Every structure is written in structure tokens, then in C-alpha cells.
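The primary structure of each chain is shown beneath.
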Amino acid sequence: DGGITQSPKYLFRKEGQNVTLSCEQNLNHDAMYWYRQDPGQGLRLIYYSQIVNDFQKGDIAEGYSVSREKKESFPLTVTSAQKNPTAFYLCASSITNKNTGELFFGEGSRLTVL
Amino acid sequence: AQSVTQLGSHVSVSEGALVLLRCNYSSSVPPYLFWYVQYPNQGLQLLLKYTSAATLVKGINGFEAEFKKSETSFHLTKPSAHMSDAAEYFCAVRPRDDKIIFGKGTRLHILP
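Here the protein sequences come in this chain order: A and B. 920 is the number of the first residue of the first sequence in the working numbering; add one for each residue after it. -11 is the number of the first residue of the second sequence in the working numbering; add one for each residue after it.
Rather than coming from a laboratory, the hints here were simulated on the basis of the structure. Be aware that one or more of the hints could be misleading.
As a list, the in silico DSSO-like pairs of lysine-lysine whose alpha-carbon atoms are at most 27 Å apart [claimed, not checked]: (1) K990/A / K87/B; (2) K87/B / K976/A; (3) K989/A / K92/B; (4) K92/B / K928/A; (5) K37/B / K990/A.
Taking CB as the label site, the calculated pair distances span [to be verified]: (6) M71/B / S999/A: 41 to 49 Å; (7) L946/A / A42/B: 24 to 32 Å; (8) A42/B / N947/A: 26 to 34 Å; (9) N972/A / K92/B: 29 to 37 Å; (10) L6/B / I970/A: 40 to 48 Å; (11) S992/A / Q30/B: 17 to 25 Å; (12) S999/A / E54/B: 45 to 53 Å.
A quick note: this is a predicted structure, and the numbers were derived from the prediction, not measured. By construction, the Cβ of each residue, glycine as well, lies at the ideal position given by its N, Cα and C atoms.
Excised from the complex, chain A in its bound form (with noise of 0.2 Å):
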């Protein structure tokens, strides 16, 4: 079946250390994008991409970093200057940035900084 496969569900880390979270779609979308989720405050995106080899910050990237090397995956590593990483985050893609198609969403990764 078609979709979204992040990993991994949950991960627990030492404060300082960094962190990558994978996204991998079959979807054959173009853009693709990561979002942090805290309680009370909805999605805020952090890096999103239209295409491969390019992507642009979104409104929270600061410690956050990307990379866009293949079209179906588009990992998100949290690094040791996120100074509150504990958080759900959140992969999706869409067909393009441009039109009306839907996000699609993947499980979720619960990252928990100790």
C-alpha cells in the first residue's frame, strides 16, 4: 500500500546529542514537509521541500536540518541547538506546493530529549 513510513515511533536521546528522524514516502509526491507538534499549539513547520536537492525553511527551523537527496525520503535531524527537542513530530507530502491536493501524513516519531 501506498504512504508514509516514519521511524522510527519513539526514540529517546541524551541532552546534546543529535537526532535523525526518517520520513520515506511511496507516494511519488514531490513536496514533502516536517512538522512539530506540542500540546495546545497545532503543527508548525520546520522544513519543507518542492523537489529534490531543494528545500526551504519553514517558520521553526532554527536547530533543525534537512536534506532532500532522493524524491521518496526526506529525513530531519535534530541537532544539539534545538534548545527544547522533546516533541511529536510529523511527516507529510503532497503531490506539489502548488494545487489543491491534501497533505498526507505519516505515524508520527515521539522524540523525548532525557
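Given the structure of chain A, go ahead and fit chain B onto it with the hints provided.
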């Protein structure tokens, strides 16, 4: 800047009662509008979307929403609540040729 406002971060209804979740958006041009549902520790699932066709949109699980341009609203309704409807609901707006913007969410509680 475009924005979307969901009235009420928590809404409680009795099982079998009407569900009404409110969403207002700001846009000079009618955008594309969406409602998503999220169950605990899961991703978001699309309930329904408005893309300038019929103003009354029917979605999955018995939900529907009505686009009202004069009120800049896109409220979500369901005639009879079920325990399985307990979840968090997000309204989202996608201005033409721009990124999607999400509301802060409304958590729906179903009372037995």
C-alpha cells in the same frame, strides 16, 4: 497573513448529540479548506476538503462541513456523536499557490 482560527480548544458533547466544531479563516480569496482528525499518538487523517466545488462537503465517518464565504467559516458537523469520534480535529487552509496553514486544534470529548 493568512490565518485559521478554531473556536474552543476543548469541546464536550454527549453520545448521540450533534457535533459542531468551528473554524474561521482569513483570506481575501476563497482558499482551499480541510478538516483533519488525529487520534492519540498517530498522524493526521483527512476528513474532508473544500476545493471550490459544492459548498457543502461530505467526508468520512459521517462528518460534513459547509463553506460560507460571507462568514469566512468552514464549520465541521456530525448529526450524532459516537464514542469513537473522540479525537483532536484540525482545520486547515491552503491559500492559492501557498503552503497549508493549520489551526491549533480542537479536542473533542464524547460523554457517555
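Taking the hints in turn, this is what the structure says about them:
no.: 1; hint: K990/A / K87/B; in the structure: holds, 19 Å
no.: 2; hint: K87/B / K976/A; in the structure: holds, 12 Å
no.: 3; hint: K989/A / K92/B; in the structure: violated, 32 Å
no.: 4; hint: K92/B / K928/A; in the structure: holds, 23 Å
no.: 5; hint: K37/B / K990/A; in the structure: holds, 26 Å
no.: 6; hint: M71/B / S999/A: 41 to 49 Å; in the structure: holds, 43 Å
no.: 7; hint: L946/A / A42/B: 24 to 32 Å; in the structure: holds, 26 Å
no.: 8; hint: A42/B / N947/A: 26 to 34 Å; in the structure: holds, 29 Å
no.: 9; hint: N972/A / K92/B: 29 to 37 Å; in the structure: holds, 33 Å
no.: 10; hint: L6/B / I970/A: 40 to 48 Å; in the structure: holds, 45 Å
no.: 11; hint: S992/A / Q30/B: 17 to 25 Å; in the structure: holds, 22 Å
no.: 12; hint: S999/A / E54/B: 45 to 53 Å; in the structure: holds, 48 Å
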